Amino acid sequence: MSKFRQNKSKEMPGVSTASLPDIVFTVLAFFVVVSSMKQSDLKVELTKPSAKEIIQLDKNEEIDYVNAGIPKNPAFGTSVRLQLDDQVVPNFLKIREFIVLRRNERSQAKSDKATVSIKADKDDVDMDVIDKIENELREVDALRINYSTQKETKR
Amino acid sequence: MARRKLQELDASSIADIAFILLAFIIIATTLEKESGLPAVLPQKRDVEVEPPKANERNILEILVNSKDQLMIEKEWDKKLEDINGVVKTFMSNPNDLDNMPVMISVTKAECRTQLAKLRIDLAATKSPETIGIIKDQMSKWQGKLNATELVGNYRTINPGATIAIQYDKGTSYGQYLSVRDRIMSGLNELRDELAMKNFGVTYAALESIRAEVKTEEDKAKIKAVREVYPQKIIKLPAKNVD
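Residue numbers (the working numbering), protein chains in the order written: chain A, 190 to 344; chain B, 423 to 664.
These aren't lab readings, by the way, just hints derived from the structure by calculation. Note that the coordinates shown come from a computational prediction; the quantities given were computed from them, not determined experimentally. Among the hints, erroneous ones may be present.
As the list claims (entries may be wrong) - Partial chain A-side listing against chain B, Cβ under 10 Å, derived:
(1) M201
(2) V204
(3) A207
(4) E234
(5) T236
(6) D275
(7) Q276
(8) V278
(9) D315
(10) S337
Unchecked claim - Across the chosen pairs, the derived CB separations fall in these ranges:
(11) P464(B) - D274(A): 33 to 39 Å
(12) N517(B) - T267(A): 51 to 57 Å
(13) S239(A) - D504(B): 17 to 23 Å
(14) D438(B) - V289(A): 43 to 49 Å
(15) V221(A) - M618(B): 23 to 29 Å
(16) K466(B) - K302(A): 17 to 23 Å
(17) D247(A) - M493(B): 32 to 38 Å
By construction, the Cβ of each residue, glycine as well, lies at the ideal position given by its N, Cα and C atoms.
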C-alpha cells in the first residue's frame with residue numbers, strides 16, 4: 190500500500206525536449222529531399238490546361254520556363270505577354286537572348302539536356318503565340334520542349 | 423586549483439534554429455513537380471520545305487478551327503472523346519482496311535538478315551558519309567531486333583504514316599493541348615495493352631518508375647513498346663480554317 194502512496198506527492202516530470210532538434214532536423218531533411226526551388230513569381234494570369242497523359246519531368250533536369258498570358262498588372266499591357274524569368278516582355282525575340290543566356294550558365298552536357306517548359310494560359314493564349322514561341326526556340330536550337338499542364342482527374 | 427566542471431552546451435536553442443530553417447525551406451521551395459506533355463521540335467531549316475505529299479491513307483488529319491471545333495478525317499462535329507478510338511484504329515489497323523495505313527510485319531529473321539547485309543556493306547565502303555548512313559540503318563534494325571526479342575514478331579505501322587494536327591492561328595492553346603493529349607491517350611492505351619500482354623504490367627507503370635530505380639531491363643521494355651507503337655504526331659503550319 191505504502192508503495193503506491195509514495196509517488197503521489199511527487200511532481201510530474203516535464204517532457205524532455207532534448208530530442209526535439211532531432212525531430213525537426215528529420216522533418217527538415219525530408220523537405221530538402223522532396224521539394225525543389227520555386228521558380229520566380231508569376232506576373233501573368235495563367236491557368237494551365239489540364240491533360241491526362243502527362244509525364245513528370247525529372248527533378249534534376251534543367252528547365253527553363255517561358256510563360257505566356259495576360260499580365261496581372263495592366264501597366265504591362267492588356268494582351269498576351271511573355272514572362273521570362275521575372276520580366277514581362279512583349280517581344281518574342283527576347284526568347285533567343287534568354288535561352289542563350291541560360292545556356293551559357295551551364296556546362297555543355299547539361300545544356301544539351303535542358304528542356305524548355307512552355308506555360309501558357311489555356312484560353313487567352315492562341316496557337317499563333319505558341320507558334321511564334323516555338324519558332325524562336327527552333328532558331329536557337331532549343332528543341333526539347335514541354336507543354337506544361339496540370340493533372341486532370343482520372344477517367 | 424579546483425578544476426571547474428566542464429559546462430555542457432545549452433542545446434535548447436538548436437530546436438529554434440532548426441525550426442527557422444524548416445520555415446525557410448517550406449516557403450522557398452515547392453512540392454509540385456514540373457509535369458506536362460513533352461515534345462521535340464523539328465530542327466530549323468534554312469528553307470522551309472513543303473512536307474512531301476503523303477498517301478491519303480497514311481495520314482490521320484485532325485483539324486481544329488478558330489472556334490475550337492474539331493474535324494477528323496474530313497468529318498465535322500467530332501468530339502474530343504472520338505479521337506481516342508480513331509487513333510487506336512489508325513495506329514493498329516486491326517482489320518487491314520484499305521483506307522488505313524499499311525502495316526508491316528517485323529520478324530526476328532528479317533532483322534537478322536538485314537543486319538548481316540548492312541555489316542557486309544559497312545565492310546565494303548570507305549566513304550565516311552555512307553558509313554554514317556549505314557550505321558544509322560544498323561541501329562534502326564538493331565532496335566527492331568531488340569523489340570522482337572522482347573515482344574516476339576510484331577506488326578507495326580509503316581514509317582510514312584503520321585497523325586497530323588492542323589489548326590488555325592486563333593485556335594486556343596487549351597484545345598490544341600487537349601487534342602494532343604487525347605492522341606497520346608489513344609496511343610498509350612495500345613501501348614498498355616501490348617505491355618500487359620508481354621510483361622504483365624502496363625506501359626504507364628513502366629514509365630512511371632522513378633529514374634533512380636529504373637533498370638536496364640525496364641528501359642529495354644519501354645523501348646520495345648515504343649518501337650511497336652511509335653509516337654508520330656506532327657503539327658502542320660497554321661492555316662486559315664473556319
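Outcome of the hint check:
| no. | hint | verdict |
| --- | --- | --- |
| 1 | M201 | violated, 20 Å |
| 2 | V204 | violated, 13 Å |
| 3 | A207 | holds, 7 Å |
| 4 | E234 | violated, 13 Å |
| 5 | T236 | holds, 8 Å |
| 6 | D275 | violated, 15 Å |
| 7 | Q276 | violated, 20 Å |
| 8 | V278 | violated, 19 Å |
| 9 | D315 | holds, 5 Å |
| 10 | S337 | holds, 4 Å |
| 11 | P464(B) - D274(A): 33 to 39 Å | violated, 27 Å |
| 12 | N517(B) - T267(A): 51 to 57 Å | holds, 53 Å |
| 13 | S239(A) - D504(B): 17 to 23 Å | holds, 19 Å |
| 14 | D438(B) - V289(A): 43 to 49 Å | holds, 45 Å |
| 15 | V221(A) - M618(B): 23 to 29 Å | violated, 38 Å |
| 16 | K466(B) - K302(A): 17 to 23 Å | holds, 19 Å |
| 17 | D247(A) - M493(B): 32 to 38 Å | holds, 37 Å |
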